[in-house]
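Asks: From these two lone chains plus the hints, build me the complex, please.
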Amino acid sequence: MSTTPPRFRPLPAHLDGPRAPGGARPHGARTLDRRTVLRGMLGGAAATIALPALDAMLNPHGEAWADGGALPDRFGVWFWGNGVRPDRWVPSGTTGWTPSDALAPLAALVPFMSVVSGCEVKTATHPHHSGMTAVMTGQRYHQLGTTRDTIVTTFAAQSVDQLAADWMTGLAPFRSLELGVTRFRGTDEGSTFEHLSHNGPNSPNPAEYEPSRLYDRLFGLPADPQRDLVRQSVLDSVQGQVRLLERRVGAADRVRLEQHLESVRALELRLGASAGSCTFSDRPGSFPDRDGREQITERNAAMSELLTLALACDLSRVFSVLFSTAGSGAVFWEVGATEGLHGTCHTEALPQPIVHAATTQTMGYLAHLLQRLADTPEGTGSVLDRCSILCTTELTDGYTHSNADFPLLIAGKGGGRLRGGVHYRSPSAQSVSDAVLTALRGAGVDLPSFGADAGLSSSPISALLT
Amino acid sequence: MRAAPLRLLLPLALLGALAGCGEALRGAGKGPGGADGEEGADGGEGGVDGADGAEPLAPFAPLPATLHRLTDAQWRAAALDLTGVAWTGPLPGDYALHGYASVGAATLSLSPLELEQVEAAAWGVSEAALPDLAAVEAALGCAPITAPGAAPPAALDVGCATPWLVARATQAWRRPLVDGEDDALVALYAEVGAEAGPLLAARAALASLLLAPDFLFRVDLGQPAAPGLRRYSDAELASRLSFFLTDGPPDAALAAAAEAGALAGDDAALLEHTRRLLETPAAEAALRRWFAQTVDLDRVDTMDKDPTLFPMLDDSLRAEMKEELQAIFADVVLERDADLRELLTTERTYVGPGLAALYGLPAGTLGWADLPPDQRRGGLLGRAGLLAAQAAADRTSPTHRGRLVRTRLLCGTVPAPPAGVVASLDGEAADPDQTLRERLGQHVDDPACAPCHTMMDPIGFALEAYDPIGAWRSLDNGQPVDDSFELDGVPGVGALELGAAVAAHPDLSACVARNLLRQGVGFREGAHQEVEVLALAADLESAGQRLRALVEAVVLSEAFRTASEPASAACTEDEDGQSRACETACGAGVEVCRDLWWTGCTAPAPGLELCDGEDNDCDGEIDEELVRSCATTRGDGLATCAEGAWSACAGPPLGDEACDGLDNDEDGVIDDVPGVMPLTISFDELVLGHASCDPWTDPLGPACYAAANRLCAAEGCGLVTGLTPAGVDLLHERVSLHCLGPAAVSVVSTTYSALATQHGGCHGGTAAARLGPDCNAAMSRSCAAWGLGTGFGPLENSGDVAIVACTTGAEVFRVPYVELALIEPGCDDVNGERMGSRCNYAIHRACIDRGFTTGHGPIENYMGDAWIACIGDGEGAL
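Line order of the protein sequences matches chains A and B.
Here the first sequence is numbered in numbering that gives the first Met the number 0, starting from 0 and rising by one per residue.
Here the second sequence is numbered in numbering that gives the first Met the number 0, starting from 0 and rising by one per residue.
If we strip away everything but chain B, and leave its shape as in the complex, we get (with noise of 0.2 Å):
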């Protein structure tokens, strides 16, 4: 980079034959790297013939392997592919860096701002692609809750939603998961699922995947391959490929085949997806997008205009000056695949009302037109998106006109001006009639701004007949236009001939094929890359400068398909080729300034700690906060590292036994429940045991009761029925209730008839009858008659027939009802009531006092007294 503006310094360099100019240019791109710096400072000599082989080029080396962040367009685009939301709302704006978003994507970060942005947006999509339950169920293709009958958080059925979550990561992070990603994401689906349901478990387990890095940010970083040296995995480069032509992440044909192995190590497989993806619409948006960029497009947008001058500039004139320019690109690179340098030359317009008025076509002109012959108009140059966006508000501008053909359609250097430069062009001798062109004349009579001026301002000429808005005109300033211009030695008027002149400049090809890898591999190439570049536009000029054709040759090239080590820091130009001393946390080494990264220090680097006895990340501790998950007869445990050995696992701690398929007392057998299981259950999943059960209004009334009936013998292990629930947590929207096994309890099919025997006020007729205290005499009576104990019921009923429960194991008490009354108000034989919820409760109590786990009744009353049956752990009373 030292070379080129010093040699554009030299007068024979700004005035000479276009050889030496063109020479000169194309160096601009090339950083003197060690000994290359020497050659290129002396340089001048060899290059004046335009004989490239004269100065040796570096020799190629690959970009560092870096995370790319998703710029916008790509975030929305993956967050469709994966959900299928399309975002509207607001996102990190792009970085724009030499040009191009991609390649400011390759440095940034998340500021807080963004980062919330971000997350507002992953939650935004995630709630819009999960509106409802329903919507869960959908996307997991099972139901998210298991059975309904399950305590919390064994009620969320993870393993429904496991294979769900596994599939989703893959796709959003574009890779397959490693050890223990899986784990993680299931963990938060289960802990966010066990406070608040599958729908916000769903939601915050998609809004985590949208969050995290490897959806932020393409992480490609390549395999090692040699000393310095990574390639592009299959799956990398599918995503490489994807994001470069479609702006949008791999769809399922290349995902396929980045799966099967069949893409880094061939080439015709490479080219073929590359066809295909080419055809896309996400591809040509893509390209639209670099074509927007390459030529400032969307400064449209934001540019001033003095409206008093330019009434008519409206927000759909801007527009259309746009579209043109995009109509133009679209016909001659998407459309036709047609040699690129038309785009230079084209005589076509695509017009609407306003633009059809500005160009001065005949009123109704609408779309495909011929521009007007005599206005010298043609190619990009001759078009008001472009003459405008360079232009100032209330006069034109030669200079940023030219600089746009200079640097973008040339790639040419315009050195900074230097600090302290005095920037007005008003001397002493200010003519009030001169014309701008005559103004811009001192840029090149004073030294100070003619070495970078004379590179802008006589390209800029070309456009002085079109005004600030692009209109045609005769005029500037009362004189007549003179819009000749010069461009590297080739003479001409107008922007047609200008257009002419830019599409035989010999640097035309090589800037087209820098300005496509710089999006391509999200970098600015360096002195290392020059090779490529030169290579790519040989590769364009020989395809008949079509841009297809360099689109597949930067795909096939070794820039986009290998990467060197990651960098350690940005360095300068200045420092480029330099050396500097580095470490790690293993050592110490060396490092190089290349193509503007320190990279390749030479220090071992860092592992992962294993349990191996060894400090392989080098903090000095060995093994140090080493844990691995495993597996026992009581449930998931950690085992941990030390001294290179991983201890025993250690599971959870001896527990009761719980119908989980572990075997939580350790006592050998697996889900050996005792008779009688306490159970919490949360409102939501009760009701899910019948429909009529509202637990927020009437918890234990008999709906809700035959909901936990229900829950229980769903439960497994051998569980039977439940007891009416024994207490509710309103704050927390629960009930605790418990399930009955078969050492507590024996189901008993009966019908009315027979229970009639042992009570004659309960028979079947009316719900009222069969839920009565003479119904509950009769079962008690029943089961007391089958040797069964007591019993209490109907869990069922269909026709005459009714469901009892005999509970084998409980004792009898005859308690008053004046000790059922302190215990709960209302359960009363005189002034309350001697069945339902409250008299459920004080039993439960009453047999708790009694060292029981709970119980039911009143099995019997008589005298003021009840009589109740308690149940233990199934072995009596505790």
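Chain A extracted, bound-state conformation (with noise of 0.2 Å):
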């Protein structure tokens, strides 16, 4: 078992120099011969375990790298769709909240969670597409036109997720990771639903759905310094002609190229990094429909592991969970659903059992999640505990289609900046920006401020905050 950390590592200097003079050929026996060996130093095994944090790579108190380097920072967002019944999901309490009914599963993880009610979108036009640019963005959403059946809109900027991508851009290989459990079903609204993390208007960053396509991006190939060299060479001259053409389109052009640009270089940042040492033995399946119904339990639990080992290996500092969409179809087979959840939201009657069970079912969801990145140590701590993860939806009720009273959740203790076991109520309806910006300081995201026009807040709740 390799003692290599798990952590992002340059390539040792002598691979680093890029196509000097005279430097080895990749073919023939011989030279494979050498990278086989190379591999070995930089990657270890391939079947080594992931591991966290060993107490011998620690400084002696068990809060830094015993280089000296800071434990990571990471910032998160957990998503679902339809809302909650709200008459089933504030807790009771404030320091050391009891959970609601719909809280109920995530009762042993009550002092690494704060709950945040009574909030409310202030920027709220329509039912879904408002609250989930409003959470992530902290404004309206940009609306592309009205056509056909409904609004056609996206994100007006960059998403929260995004934002904390800027602020630790460089310390992992992946600058931020994007996972999808429940599939899309939607319409063409635009990007606003399908997607959550975007990089500004109609730039979505696609959330990956199949697990093992998501553990061979992180985990399944070796560091390759011999292809890696000539790949940044093509990477370079795409960049060249990707600033030639900049030069002929519009503005409005010239933000998708740019956007190109930050791509390449956000590819360019892995390939100089090795995850060798974070490879895992299991691949995991794929999930298909069985017998009509959607493996929701499966999936997330897959997706939970990879995020919780990518975490663990600082293979990325920030990530997004797509756990069901904005008006999600999702269907609920485990807790007797027959259709898709938004359905179900418009024509269960009250007090809608089934809806409430599906909402305490996605809580279930959300826990295995956060227990994993719990029984995860780092440090003399968890991973969880270096974690702030915004956990929310689009809107309170998929019944009224309410956004007054907004559920919102923020996990994780921050490395200590979260107090955790919090609930917090709004005693003036706040808006929801208050929360998320909290959760962004959680992080260590020290921005002033969070949203724009009637979503702006640059107050944080300082009673979730030590």
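These are computed hints drawn from the structure, not numbers from a lab.
Here the structure is a predicted model, which means the values were calculated and not measured.
Even glycine gets a Cβ: it sits at the ideal position worked out from N, Cα and C.
Be aware that a few hints might be false.
[Claimed, not checked] Okay, the calculated bits of chain B under chain A, using three or more residues with CB under 8 Å as the criterion: (1) 57-66; (2) 86-93; (3) 188-195; (4) 206-212; (5) 243-256; (6) 365-376; (7) 633-647.
Replies: Following this line, the structure appears as structure tokens:
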């Protein structure tokens, strides 16, 4: 078993000198042999199990790496669609809150979680679109025109996870990770519903829904310095081409091409990194529908496992999980639903027992991920201790389409920045942006404000912060 | 856009005559811009009689020129066209916007994940296209490495690859290369090739073409034709036409027409190519995709159905549902080019076993058949695919089914529900025995729901006789089904009559035209294209509602062939017609919001910085960072710009003369290489000199020695032969050797018979004898006898003939083996050997110690001493 620290390590300098004259050739049997040796040196055996940070590599206080580097701060978003049953959501108590029915699956995690209630969306104009963009961007959606059956929108600005990714850029090989669990069933209403993470208008970061593909992306390919050098050369040439093209297009297209360059740079960052020591043995399978039913539990478990490993290995500092989309039609067969949740929200008679059961089930899926993070040691605590995870949805109540008393959770201890175990009930119907800004601050993202216009917040909820 | 929903709220529009509703809905695509807005607001009175002329449309203006990202299908087709490789791996997903992936593609960039996917695909295609060196050579049509023997990087014959690179780039980017692009591409090839050989170099070059923005995007930006107007060039039009019709790049005939300039200005040629392309399988596939998007057919793949209610719904039934609709579309539109309204009325079906059972057809019915007569099916709307996709998991949905008709087939606009709307159907007086239709009555009774739902539900009621997967039923919730409907004043019963009502609806033609135009131009049409939509609808009607005629009309339309200036940003409908300040680096101006884009900024646009003493790109610096390539006798150089003038060409620094066609030492003579020229050769190239040379195991053996000699001779510049490699770098897998030119060596043909007269031990009988010390001495003595100094060899053998190299300028030293053994243990006349790789190296070093470049020997041995010949640069010791 390798004792290489499972951390992002730049390539050794001798492999990093791009295209030195007289460099080695990649073919010929001898070359392969040597490469195999290099791979062994860099990455350990392919079957190595990913390990959390070993005590031996930490400083005596267990708070930082022995070489003086700080343990990672992480920011995440976990999103589910269609809101909650508000009458069975809000917990009782303040410090050390007592879970409501819907929050019962999270009971064991109370010390690591805070609940925010009583806030509302200040920019609401559409039942579903508004809340989605409010929690992710702190402002109204950008409308692309009224067409056919409903509105078509995209995010007006970068989403909160990408704000954090900008803040933490370069600290880990993957700028951010986007994961999906239940599939998208919506219509062409723009990118607002289909995608959680956005770089800007019409510039979504699509989620990976297939655990096997996520595995391949994170752990699948061993570092190959020789090939990576050539890939780097190709990417260099692409950047030159994009810059030339930028001169010919309009400002709107220049924005698109700038994103293109950003994406190239994100890939370049990865080329210099080796994730070899974090390989783990079992590549997850795929989870096709079984007997016409989506395997939600299985896919959620596989995705949670991969995300936990990726974070423990410090492959990324920022993630977003789109458990289900805004207005999702995911069918919660396991709690007795026979149609998509969005339809049930519309048609089930009060008090909507199936909607409530689906909400509770969803909190169980969230609890699964959080428990995995809490069970994965890091330093003197756990990976969850060093996360700040905003968990929320796009509206309060799928039945009334209300945006008041919005469901918001903040999980993790933010490396000591977040108290945890607090239920904060806003006395003044604060903006949801206050809670989002709090989650950012919890991850050490010290932006002065979040959102714009009516959704602007520069006041995090101090009761949640240490 | 503001006007239409307002008008729909009027009871008259909801319940009124057909003409009134039709007019209201036709207005859906219009956006009031500037003065039009006011006219639209009070246009209700004028619109009732349906006389379109009463309400002036905004004058036509083209949509902004923009980049269109290739869709999934387009990327695969373009990669196949370029490389012959059909990529089946993952690619970024399409983004359907306003109904079509082609519209989404005009807004998309590439996220980091998507760029990773595209990069993996580019390398995957490139590796599949060029699996080995033989494939590279076949692609290039010449040997990728120069005549064996050149040193890297010259070993890579870049000249051989250049035509291939340029041709592939021109094809991949669908345009001629501009200045410098070919150089950059060749430079990438040369750079990677020098490091990693021609195979990886060719793959890298191909991957770079596939990753280039000019491949990933359709860069059809038009050529300025008038203020605010751009016209697509021949090449751009060919690209637009081909991607519209076939979802792929132009074929050879179309590309040739574009190159000949016979497209943009020639309607007949454009039509001819349109008709030709429409006959291709690719065009059929593209139109099928358009149809599938129009009726949201792929939803059949992902729709959820309660498996306890519908256990028969498996993957094959889903596939049959889709295929039935595609078969009908292919038959009516693609095969027969019939009146497309037949799609809405045909009573033919195309079934597999699952669908036949679902429709209650006799067992064994397969393929084309007549629908059962008693189910009121007929047309697209009575087919399981659409009925199931627009229903919930365990119940039907008149709302969703009606919405499909209203929005996809008639292009009506249904406003979004307001925030905070209570969406439940179950009021306090919910009756458990009600049919769904009766429960939905609430939608019409509730004033919060009625404005939208009356546009959908009354249509969808026609399809209540089909259950959530499209099977016939006569009861709903135990009550008889009522499948009567009303479409904008036209009543009827069941799917077949609904299809007929849609076919007769006045909005149908414009909606088909609108949908096809979106596909064709990759934009949602705005107010200034409405006039074009209506003209296309008229063309469709006058052509007997044949889709091919509409395709031709779209291709010939101004909307397809022109563009406005590129947009600066997206704007909203609320801002339509407004102006705002804009600025470029060169100054301030004003732009307007038109068709959802801020366009036409009047500020001067920054240009390319030129070497003219002006700040063309308005960045505050004049002639900054301008360099251009130029040539000197010493090789390629760079000139820089200062104060509007180019500097003298600065070439490479003075260096030792090399055999490269340049005057490296600037002595006025090209390639006057010295008598001894060092050369470093990689193992891979060394093996090209002699098939038996295996430098990984025996880099200094006779076979590699012969290889080195031949590579030196092949170098040209009068170089004749080489000496045994003087050094081996196992880490980098290369050898350093010395080539000898005419100033240092004379090659003499002699015979072993003659050599034997100099030393009796030298004869041609065995290889060992020819390479042994006796022959060394014999050759050295022969050279001396010929007045040519000393010598070595044999370079080659043929029967009794031996080729000997006489080193005329060599200086001979007597060196004790003790000294040589100190340099390289093993070169030792007592315990080791006097010939071979160890002594070669020791002699080489011993000559360097004496101020020479290298040397050979031993040419004689006597009393524990070796006689070695040291060679300088052709002029004796340095």
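Asks: If a hint holds in the structure, say so; if it does not, say that too.
Replies: Verification of the hints:
1. Coverage of the region 57-66 of chain B by chain A holds in this model, with 4 residues showing a Cβ closer than 8 Å to a Cβ of that chain against a need of three.
2. Counting residues of the region 86-93 of chain B whose C-beta lies closer than 8 Å to any C-beta of chain A gives 3; at least three are required, and the coverage claim holds.
3. Here the region 188-195 of chain B counts 5 residues with a CB under 8 Å from a CB of chain A, which clears the bar of 3, and the coverage holds.
4. Check on the region 206-212 of chain B: 5 of its residues sit with their Cβ under 8 Å from a Cβ of chain A, so the three-residue criterion for coverage holds.
5. A count of 0 residues in the region 243-256 of chain B with a Cβ less than 8 Å from any Cβ of chain A is obtained; the coverage claim is therefore unmet, three being the minimum.
6. Restraint check on the region 365-376 of chain B versus chain A: 0 residues with Cβ-Cβ distances below 8 Å, three needed, restraint violated.
7. Counting residues of the region 633-647 of chain B whose CB falls under 8 Å from any CB of chain A gives 0; the rule of at least 3 is not met.
The structure fails to meet hints 5, 6, 7 from the earlier list, while all remaining hints are met.
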